[in-house]
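Trainee: The chain contents come next:
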Amino acid sequence: MPGTVRPPPIDAEARCAACGYFLAGLASPGACPECGRAFDLSEPTTFIRHDVFRRGRYWLPGLIAAALVMAFGLWIGVFGFRSWGWSIWLATPMAGAVLAGYGTSVRSWLGWLLLIVFVGVAFLLMVISMNLGGVFCGLMLAGVVVVPITGAIGLGVALRKALRRSSFSQRWYLPVLLVSAALLICYALDGPPPRRPVETVTTQREVGVPAARAFAALQFYEEVHANPPWILRVGLARPLHVRRHPPAEGDVRTCVYNKGHITKRVDEVVAGRRLAFTVTDQQIGYERDVRLAGGSFEFEPVGPERCVVRLRTSYEGRLGPRFAWRWGEALAIRTLHNHVIDGIEIDARRAAEGP
Amino acid sequence: MTCTIDERGVVRASMACTLRAPRTRVWGWMRDWRSFLEMDPLHVRVEALEPPLPHADLRIRHRLLGIGVDRVGRILRWREGKGFIVSDLSRRSPGVGFPHVCEFALQDAGPCATRVLVGVRGRWTARFVPRPIVRAWITLVLAATVGIIRLHWVARPALPRR
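Respectively, the protein sequence lines represent chains A and B.
Numbered by the working numbering, the letters in the first sequence go through residues 31 to 385 in order.
Numbered by the working numbering, the letters in the second sequence go through residues 646 to 807 in order.
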């Protein structure tokens with residue numbers, strides 16, 4: 031170890047060009063004590079002035095800050111403010127993305143991509159691990175948040191670049207506090223979910239069986255024998271059994287799922303043409319997301335051997351903002367409708383062919 | 646981790662972390678004492694005090710949430726390869742406003758490991774503040790400093806091959 035007994039001058043900046051060892055104050059010319067590279071403090075080309083590490087390249091605190099703000103934000107937002115809308119699904123990942131963009135150095139498209147993936151995956155894992163949503167919700171969320179996350183990362187990067195040129199001494203942590211405070215304000219503004227109007231999704235398809243036969247083969251989703259499409263297997267609870275009764279007015283049936291049950295009451299039956307039902311009880315684990323109201327089956331003859339099957343499902347979508355979630359809910363319901371119509375058509379054809 | 650405060654307000658606190666590198670390499674980083682002092686989350690900037698005081702030649706800007714005071718100090722002890730001690734005093738007088746010293750020391754912790762010790766010794770002068778709160782505050786600041794040291798070390802590039 032060189033025998034200096036005095037500390038380097040406060041304004042000294044000389045560092046080893048190879049390993050970054052702080053050379054100021056050492057006997058010059060000399061060799062770096064760490065890597066042996068020769069230096070001469072009177073010759074600027076033999077050393078560097080900046081540290082080998084710059085705060086701008088310092089990615090870990092940014093990612094940790096992003097993850098912590100998202101995790102605590104979700105917890106406080108959902109369980110503290112009982113929010114279940116835009117503040118949870120948009121503001122929270124955006125806050126994380128702002129901090130990730132602010133706290134890390136993004137210089138290439140790969141860096142952007144990695145940041146988007148990090149924030150998106152971290153948010154989805156938090157949502158799923160906190161039991162706030164399932165896999166289907168997570169997949170929908172991935173589609174919902176990718177654009178806001180990208181924009182928010184850009185905002186964070188712009189903020190970092192602006193503050194980097196300033197001499198503002200609190201810039202390393204004050205944005206974290208400001209973003210956290212803004213997130214709390216978002217939760218307070220959003221608040222508990224309001225009662226939303228009932229929405230209806232309708233699917234109609236022409237099938238190659240007479241209306242009366244199709245009506246006789248009428249079945250609810252829980253009664254369809256064929257394997258459901260993957261989107262339903264991933265997104266919905268698995269039906270176990272149902273108490274089947276002749277479809278008569280006032281008929282009540284309980285469909286039992288692996289996560290609970292749904293009770294439906296048949297309100298209207300027009301033989302061969304229409305069946306309408308109301309969902310009287312839903313305990314299936316999705317009550318915070320969607321509350322089913324009812325639905326109907328309609329069979330309209332379009333020829334002697336053909337008819338149009340029209341399925342309607344009415345529900346109260348509780349996830350906000352509605353524009354972000356409506357498309358995914360409609361996609362799932364239409365897939366379910368088509369699966370049920372397939373089941374009706376298959377059973378009607380089988381009935382026509384005989385045992 | 647230790648943090649004791651006796652009945653006269655004398656504070657002795659320290660916290661350590663182990664870095665996976667030989668002491669010479671860690672010291673090469675720690676020799677930049679100004680940057681190292683600024684790893685304390687309260688020390689936003691360390692600069693030369695103009696004009697110097699009899700007992701201090703450094704200005705240490707302390708800030709929390711944008712609010713704070715400028716304190717003064719000087720390097721009291723410099724042990725090449727082993728560490729240094731810096732005083733951190735009030736501008737009003739060396740005897741008021743939690744006069745203390747910050748110690749940064751290195752110890753070998755194995756063939757390729759170094760223990761970095763961050764310590765604080767001084768006298769807590771605001772006697773009206775309950776001791777548990779003082780202890781919690783000092784522990785928090787020390788833990789944050791050690792955490793920042795760890796994170797900065799992780800972010801440093803590996804030593805290039807000779």
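Any given hint could be a false lead.
What follows is a list of derived Cβ distance ranges for each label pair [claimed, not checked]: (1) Arg-722(B) <-> Asn-161(A): 52 to 62 Å; (2) Asn-161(A) <-> Ala-754(B): 35 to 45 Å; (3) Arg-137(A) <-> Arg-665(B): 42 to 52 Å; (4) Ala-754(B) <-> Arg-318(A): 47 to 57 Å; (5) Arg-137(A) <-> Ala-781(B): 35 to 45 Å; (6) Arg-722(B) <-> Trp-105(A): 44 to 54 Å; (7) Met-160(A) <-> Val-655(B): 37 to 47 Å; (8) Ala-57(A) <-> Glu-692(B): 25 to 35 Å; (9) Thr-669(B) <-> Asn-161(A): 46 to 56 Å; (10) Gly-181(A) <-> Leu-698(B): 33 to 43 Å; (11) Arg-195(A) <-> Thr-669(B): 32 to 42 Å.
Because the hints were derived from the structure by calculation, they are not lab data.
Even for Gly, the Cβ is constructed at its ideal location relative to N, Cα and C.
Trainee: For the range 35 to 45 Å, tell me whether the beta carbons of Arg-137(A) and Ala-781(B) fit it or not.
Mentor: Between Arg-137(A) and Ala-781(B), where Cβ atoms are some 40 Å apart, the hint holds.
Trainee: Note whether the CB distance of Asn-161(A) and Ala-754(B) lies within 35 to 45 Å or breaks it.
Mentor: At 42 Å between Cβs, range holds.
Trainee: Please check whether Thr-669(B) and Asn-161(A) have a Cβ separation lying inside 46 to 56 Å.
Mentor: 51 Å, holds
Trainee: Do the Cβ positions of Ala-754(B) and Arg-318(A) conform to the proposed distance bound of 47 to 57 Å?
Mentor: 51 Å, holds
Trainee: Does the Cβ distance between Met-160(A) and Val-655(B) fall inside 37 to 47 Å?
Mentor: 46 Å, holds
Trainee: Just to be sure I understand the hint, the distance between the Cβ atoms of Arg-722(B) and Trp-105(A) should be within 44 to 54 Å; is that true here?
Mentor: Cβ of Arg-722(B) to Cβ of Trp-105(A): about 46 Å, so the range 44 to 54 Å holds.
Trainee: When you take the CB atoms of Arg-722(B) and Asn-161(A), is the distance between them in 52 to 62 Å?
Mentor: 55 Å, holds
Trainee: Given the hint of 25 to 35 Å, check if Ala-57(A) and Glu-692(B) actually sit that far apart at their C-beta atoms.
Mentor: 26 Å, holds
Trainee: Between Arg-137(A) and Arg-665(B), is the Cβ distance one that fits in 42 to 52 Å?
Mentor: Distance hint for Arg-137(A), Arg-665(B) is violated at roughly 28 Å.
Trainee: So does Gly-181(A) sit 33 to 43 Å from Leu-698(B), Cβ to Cβ?
Mentor: Since the Cβ atoms of Gly-181(A) and Leu-698(B) sit about 51 Å apart, the hinted range of 33 to 43 Å is violated.
Trainee: Could you check the hint for me, namely that Arg-195(A) and Thr-669(B) are 32 to 42 Å apart, CB to CB?
Mentor: 36 Å, holds
Consistency with the previously given hints fails for numbers 3, 10, ordered from lowest to highest.
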